[in-house]
Every structure is written in structure tokens, then in C-alpha cells.
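The listed protein sequences derive, respectively, from chains A and B.
Count along the first sequence from 1, then add 135; that gives the number in my numbering.
Count along the second sequence from 1, then add 78; that gives the number in my numbering.
It is worth saying that the hints were derived from the structure and are not from the lab.
Among the hints, erroneous ones may be present.
As the list claims (entries may be wrong) - Pairwise CB distance ranges, derived in the manner of DEER restraints:
| no. | chain 1 | residue 1 | chain 2 | residue 2 | range |
| --- | --- | --- | --- | --- | --- |
| 1 | B | K153 | A | A234 | 21 to 29 Å |
| 2 | B | H175 | A | S223 | 31 to 39 Å |
| 3 | A | Q240 | B | H195 | 28 to 36 Å |
| 4 | B | D170 | A | R262 | 33 to 41 Å |
| 5 | B | K156 | A | V200 | 42 to 50 Å |
| 6 | A | Q240 | B | E199 | 23 to 31 Å |
| 7 | A | A234 | B | A212 | 31 to 39 Å |
| 8 | B | N187 | A | I144 | 49 to 57 Å |
| 9 | B | E109 | A | F188 | 30 to 38 Å |
| 10 | A | V212 | B | E109 | 26 to 34 Å |
| 11 | A | V200 | B | Q177 | 30 to 38 Å |
| 12 | B | P113 | A | Q240 | 14 to 22 Å |
| 13 | B | K156 | A | R262 | 37 to 45 Å |
| 14 | A | I144 | B | L148 | 16 to 24 Å |
Don't be surprised by glycine CBs; every beta carbon is placed ideally from N, CA and C.
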Amino acid sequence: MTEFLKITIDKFTFNVATDRYYNEEGVWALAQGNRVRIGISDFLQQRSGDVAFAEIKPQGTVLAVGDETAVIETVKVNISLSSPVSGSIVEINPLMETAPEIINQDPYGEGWLAIIEATQWESDSSRLLDPHAYYSRIQIQAEESV
Amino acid sequence: MRQADVIIVPCSGIGKPYGTVSREAAYEITEELRPDQTQLVPLSLLVLGDEATHSIVERNPAITIDGCKLACATKMVKECGGQVAHNIAVLDVYRRHKQLKPQGIAILNEGGLKLAHALAEEILPMADQLIEIARKGEQNG
């Protein structure tokens, strides 16, 4: 069962799942062997607003760290999400097509975006933020924005 | 406020395109498409506790139009003891009309105005159904 670090600032509470890594933008990466599931953090989804559409790069797309993996259109903004790992997309969450609002409802669970077959997870993960580092980063951002 | 068969309660989100779309659609229904049978109820009057508005909400079925997931229009009608016969979210309609991205706040862009029209067209059969029920109710006494 996933555990969370919680930040409450003003009327907002943000969860940071402790079982995964994050890139600077707030894209999380959860490895199961070489398969890395990715999605967006609770902070990023709350700050971005209700998701209208999520377009994920097609299955088979080869990515380097930092390459655009998905574009999410919300009621407020369009966000380009970069890949936290290198590898190729092997699976896309079918709910992204039919019910992308699941990103808002369950960002760490059913609202995952894609699964990437990672080619160098160990070295890629060493450059990502652990949950505590990500927590510290969003705490500063949240306090500035509230 | 006059008596109408159906009330339309749009989002009051001022300064947000989806709220503006909801109000534009409500204007189209209540002022152009079904002016004699529908009545726009401003959410602000419900929030402020206006007695006449509360009375109308308690006596007539409502179609609520929500601009975001907070669903203030729907929640407020229910809190006032009203009957939400239908509720519709602007975002859901936008998902069916991806080419009509609403932008602008006080003045919507062309996409926003077309989205408002599409929204009004989706609401119209709901309103007509309720108007028909009201008519039958009147006939039956």
C-alpha cells in the first residue's frame, strides 16, 4: 500500500507518494523491474486544474530522458511532460483516451500515463528526486504560489 | 422573478472561461431558445439567500451547468432544497468538441462561443423534457 508525505498549505493538501521517484516537473516514475510506470504528481495535477485531454506518445516511441512523453490539456494550461527515463513506451493507459479526468481523481494509481521499458533505469533513477527531495521542492513552490 | 417551468442555474465562476461558457449557454436557452418556459437563476442570489430565488428553486426542476469539478451550481441547488433534474459539466461537453477550445473571460473567443452553443444544444432536449412533464402535470390538474 502506497504511503504519502503530506503538505498542507493554506486550504490545499498535496500528497507525495513515497514509493517512487520524481523529475523536476512532477512526473513520477515507479519501477517494476525494467518496466517503469509514469504519471504526474498530486501537486502538479492540482496546480494544473481539471484535465480535459491527455495525449501520450504512441506505443513504441523511443525516448531519452527529457523527451516529451505526453501533453496534457487542462482547463488552465497545456503542459508538456518530459520522460523521467530513457526507453520505449510499451503500454499506454487506455483511460487517457476515454476518461483522462482520472489523472485528477487518482494521480498515483489509476491515473498513470504510460509504461516505459527502461534501458538504463539505474543511472536514470540516480538523477531523479527521491520523495523527500521532491517534497522539499514543492513545499517551496506551493508556499510561493499561495 | 416570474414563474417558469424549468430553471437553469449556471456556474458563477467569474474570470474563468468555462464559467463564462456556462452562462452564455444559459442565456441562449433562457433568452432565445425557450424564453417563455425557462428562467435563469443566478447562483449569487442563492448564495446570498434571496428568498424569492430560493422559493423558485424549491418549486421548479433545475438544470445545473457546472464550470469545474467543484460543481457549485449543483451543490447550491441541492443545499437550497431544489431538485437537480439534470446537471451538465462544461468540461464534458468540451471533451466532445475538442476543436472548440474556450479562451477569454469577459469576451469569449469564437471557440468558446461555439462551445456555448453546443452546450445549449445539449441542454435543450433536457429542458424540453422537463417542460413537457410540467405541461402534462398542468393538464392533469
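Any hints from earlier that this structure breaks? Give me their numbers in increasing order, please. The structure breaks hints 8, 12, 13; every other hint is satisfied.
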